[in-house]
Amino acid sequence: MASSSSSSSCSSSSEKKITLKSSDGEALNVEKNVALEFEPAKGFLEDNSEEADDEAIVVPLPNVSAAVLSELIPYVKQRLELSAKPVQKKLIKAFDDQFTRHLSDDKLGELMLAANYLGVNYLLDVLCDVTADRIKNKSVEYVREFLGIQNDFTPEEEAELRAQCPWAFEGVDQD
Amino acid sequence: MNRESNMDIAVADQLPAECISHIISLTTLRDACISSTVCPIFKSAADSDSVWEKFLPSDYKQIISNSVSDSSLITSLSKKDLYFHLCHNPIIINNGAMFIDTRYGFETRPVDFGVYFDGSDNGEGRKVVLDPLAKMPKLSEGRGNGWMEIEMGVFFNVTGEDGTVVCSVFGFDRSKSGIIIQGVELRPKSRR
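Taken in sequence, the protein lines are chains L and Z.
For the first sequence, the numbering used here assigns the number 35 to the initial residue and increments by one for each residue that follows.
For the second sequence, the numbering used here assigns the number 51 to the initial residue and increments by one for each residue that follows.
Since the hints were made in silico from the structure, they are not lab data.
Certain hints may be false.
[What the hints assert, rightly or not] In silico DSS-like cross-links for lysine-lysine, where the CA-CA straight-line distance does not exceed 25 angstroms:
#, chain 1, residue 1, chain 2, residue 2
1, L, K141, L, K170
2, L, K119, L, K141
3, L, K111, L, K123
4, L, K123, Z, K239
5, Z, K129, Z, K104
6, Z, K111, L, K170
7, L, K50, L, K119
8, L, K76, L, K66
9, L, K141, L, K127
10, L, K170, Z, K129
11, L, K127, Z, K104
12, L, K170, Z, K93
Note that the structure is a prediction, hence the values are computed from the model and not measured.
Produce the entire structure from the sequences given, and follow the hints as far as they go.
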């Protein structure tokens, strides 16, 4: 997996740092092996490989805010450390659970978009799982509100769709 | 859940369709039907083959090819249409019917079966969890053709008079769907 998995701690001076620039213009320093987990950053670093000094490279990530990046970076870093060891899947699962358990719906949405844009598929999978759990057994109205969706169906179209499987709409959670 | 914490950003507009399909495929068949009425983006994601392939039995292609049904169904219908086609048109294999069931609401929540002689309280009923089948108690038996026989209860006609015997099936707690009752048979207890 990770090419440079000498990730004992961030204090090791040999660990190369890269600067990521968020959509809101903040510069965040991360270990190169963490930055390489983000597809756009990986592409950018490959394109600029002639640059001798990694420290001088600033990778623009125009679709991700500093707030979201600063949640993602520690997650990816720890996840890399876990994957580098011969740990049980259970441990990774527990780590993922801990990370997602207290996410607000809003943050969940932001992280999903960021994970998709950055190509962090293992995180995207976990977030999809959480989203699926949160919309299970819920009403149409709830799902719309949860995901901030505008209903583009006309009332007639919606009535027709509901009539195709009326049994599905009975007894969903009342919240 | 606190409504104010819902997603402010239009996630559905920005996520790729495969990703929305993936989320829906992790829910249930019923949630997929609900999802298809959420908005047009959700509808195309919820109706996609990748979602319904998960709900079909993993060996559905083989089952259909080995049956007397037209195996062009596999390619001519969308997976969702195929699913509902199979629900309404049981496949005949090895002289038995294979149903794809649309049951829901039977997991962990029991169904009350009761049999009693009307006007007396000597009836005896039982609660049975119908799904998963593995947890069914001894008073039921599989018949190897998809049907399940369940002993609903016993009653005793104390006075030996004519009257009405009531057989009931109830599940009050939540809505349930998909149970098919083939018939009810009354048998003398001694000759069971």
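Hints and how they fare:
As the CA atoms of L/K141 and L/K170 are separated by approximately 19 angstroms, the hinted pair is consistent with the 25 angstroms bound. Restraint check: the Cα-Cα separation between L/K119 and L/K141 comes to about 29 angstroms, which exceeds 25 angstroms; the hinted pair is violated. For a cut-off of 25 angstroms, the pair hint linking L/K111 to L/K123 stands: about 17 angstroms separates their Cα positions. Restraint check for L/K123 and Z/K239: the C-alpha separation of about 53 angstroms exceeds 25 angstroms, so the hint is violated.
A distance of roughly 9 angstroms separates the Cα atoms of Z/K129 and Z/K104; the hinted pair therefore holds under the 25 angstroms criterion. The suggested pairing of Z/K111 with L/K170 is violated, with an alpha-carbon distance near 28 angstroms, which exceeds 25 angstroms. Distance restraint check for L/K50 and L/K119: the Cα-Cα separation of roughly 21 angstroms lies within the 25 angstroms cut-off, and the hinted pair is therefore satisfied. Restraint check for L/K76 and L/K66: the C-alpha separation of about 9 angstroms stays at or below 25 angstroms, so the hint holds.
Pair hint L/K141 plus L/K127 holds up; C-alpha atoms about 20 angstroms apart against a cutoff of 25 angstroms. Of the supplied pair hints, the one linking L/K170 and Z/K129 holds, its CA atoms being roughly 21 angstroms apart against a limit of 25 angstroms. For the hint linking L/K127 to Z/K104, the alpha-carbon distance of about 23 angstroms falls within 25 angstroms, and the restraint holds. Between L/K170 and Z/K93 the alpha-carbon distance is near 16 angstroms, which keeps this suggested pair within the 25 angstroms criterion.
The earlier numbered hints that this structure contradicts are 2, 4, 6.
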